[in-house]
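Chemist: At position 80 of the sequence shown (counting the first as 1) the number is 346 in our numbering, and the numbers step up by one without a gap.
Where hints are given, some of them may not hold.
[To be verified] Listed next, the in silico DMTMM-like pairs over lysine to aspartate or glutamate satisfying Cα-Cα at most 20 Å (straight line):
#1 Lys453 / Asp518
#2 Lys454 / Asp518
#3 Lys482 / Glu522
#4 Lys453 / Asp519
#5 Lys318 / Asp335
#6 Lys454 / Glu522
#7 Lys430 / Asp370
[Stated by the list, open to error] Computed beta-carbon distance windows for the label pairs:
#8 Pro541 / Gln405: 39 to 49 Å
#9 Asp507 / Tyr308: 50 to 60 Å
#10 Arg366 / Ile538: 33 to 43 Å
Simulated from the structure, these hints should not be mistaken for lab results.
C-beta atoms are modelled at their ideal positions from N, C-alpha and C, and glycine is treated no differently.
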Amino acid sequence: MNNLSIRIFFAILLLCKFCINDLFAQQNQELAIIPKPLQIKYQAGEFTLNAKTIIRFDNKYHELQLLADMLTQGIRQRTGIQTRTSTTETNRLTSDITLRLIPDTLGGEGYRLLVGPQGIEARASQPNGLFYAIQTIFQLLPVNQSLVTNHTAIDIPALEITDKPRFGWRGLMLDVGRYFYSVDYIKKFIDYLAMHKMNIFHWHLVEDFGWRIEIKKYPKLTEVGAWRRNTNFQRGSFFIDSNPHGGYYTQDDIREVVAYAQARYVTVVPEIELPGHVLSALVAYPELSCTGGPF
267 MNNLSIRIFF AILLLCKFCI NDLFAQQNQE LAIIPKPLQI KYQAGEFTLN
317 AKTIIRFDNK YHELQLLADM LTQGIRQRTG IQTRTSTTET NRLTSDITLR
367 LIPDTLGGEG YRLLVGPQGI EARASQPNGL FYAIQTIFQL LPVNQSLVTN
417 HTAIDIPALE ITDKPRFGWR GLMLDVGRYF YSVDYIKKFI DYLAMHKMNI
467 FHWHLVEDFG WRIEIKKYPK LTEVGAWRRN TNFQRGSFFI DSNPHGGYYT
517 QDDIREVVAY AQARYVTVVP EIELPGHVLS ALVAYPELSC TGGPF
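Please model the entire structure based on the sequences and the hints provided.
Modeler: If you want it as structure tokens, here you go:
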């Protein structure tokens with residue numbers, strides 16, 4: 267082999283290397299699943315999701331009905347494709363999506379997701395795991411709806427995913443003591459937690475700047491302590507504006523949020539600080555303080 271042939275050979279080899287790397291880079295970019303699954307095995311082919319797709323589940327488990335409905339609704343919202351549900355299961359992959367509870371070694375929140383030309387099967391030992399498999403299915407859908415062929419069909423790459431969380435406590439805090447957020451915003455916050463497979467909502471309900479939870483025995487906590495005349499809008503005591511701020515959650519609001527989180531396998535952990543960080547309470551009931559105020 268002469269020098270020219272060797273150069274051509276290595277040039278082709280280098281080009282193939284770049285092409286393969288580019289292929290894997292595109293694949294990884296398209297499958298930007300967050301958090302990164304424990305294991306992904308790419309397969310040949312793809313699954314076509316369309317209006318004929320059926321979400322199948324075993325009706326012995328009430329939670330599977332709720333999960334199947336959630337999957338159907340999520341697919342419609344993200345792609346415009348309307349699937350339907352069925353309680354008839356099959357023992358093999360069909361052109362449908364099957365949610366299946368079976369014993370596994372991945373723990374209560376682990377799952378296996380099998381995507382092939384014949385169908386999709388999500389397997390887990392607990393409904394929590396199937397819920398997280400559904401979140402992964404959502405992330406396999408295109409973000410841009412223009413990629414959905416006439417809003418009637420979409421191709422999902424064939425693969426096998428094995429996943430389980432590394433940590434049992436996966437949470438995020440929202441401080442509503444300083445700034446009040448509506449119930450609708452809280453629900454959206456919980457949706458984002460669930461999408462990223464987090465399971466704890468740390469709800470910071472009480473601060474010096476505001477008392478946000480209704481306590482019927484002490485109504486002034488919200489009548490007085492939930493409102494303030496000014497707002498510190500930057501770090502430092504000199505950045506004060508004259509915009510009033512306030513709000514609180516009724517006990518019915520709290521129950522609504524807890525139920526919403528529960529349906530998404532998120533545990534609400536309230537933070538109510540006593541005796542520290544409660545100027546909002548002392549303004550309402552100065553007689554409970556050591557000095558009597560003023561506050």
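Chemist: Against this structure, judge whether each hint is valid.
Modeler: Checked hints:
For the suggested pair Lys453 and Asp518, the alpha carbons sit about 14 Å apart, so the restraint of at most 20 Å is met. Only pairs whose Cα atoms come within 20 Å are accepted, and Lys454 paired with Asp518 is accepted, the gap being roughly 18 Å. With a CA separation close to 17 Å, the supplied pair Lys482 and Glu522 stays within the 20 Å bound. At most 20 Å may separate the alpha-carbon atoms for a hinted pair to count; Lys453 and Asp519 meet this at roughly 11 Å.
Among the hinted pairs, Lys318 with Asp335 is consistent with the structure: their alpha-carbon atoms are about 16 Å apart, no more than 20 Å. A hinted pair counts as satisfied when its Cα atoms are at most 20 Å apart, and Lys454 with Glu522 qualifies at roughly 13 Å. Proposed proximity of Lys430 and Asp370 is supported: the alpha carbons are some 11 Å apart, at most 20 Å. A C-beta distance of roughly 44 Å is found between Pro541 and Gln405, which places it inside the suggested range of 39 to 49 Å.
A hinted range of 50 to 60 Å holds for the C-beta pair Asp507 and Tyr308, which are about 54 Å apart. Checked against the hint of 33 to 43 Å, the C-beta distance between Arg366 and Ile538 comes to roughly 41 Å, which is consistent with it.
Taken one by one, the earlier hints all hold for this structure without exception.
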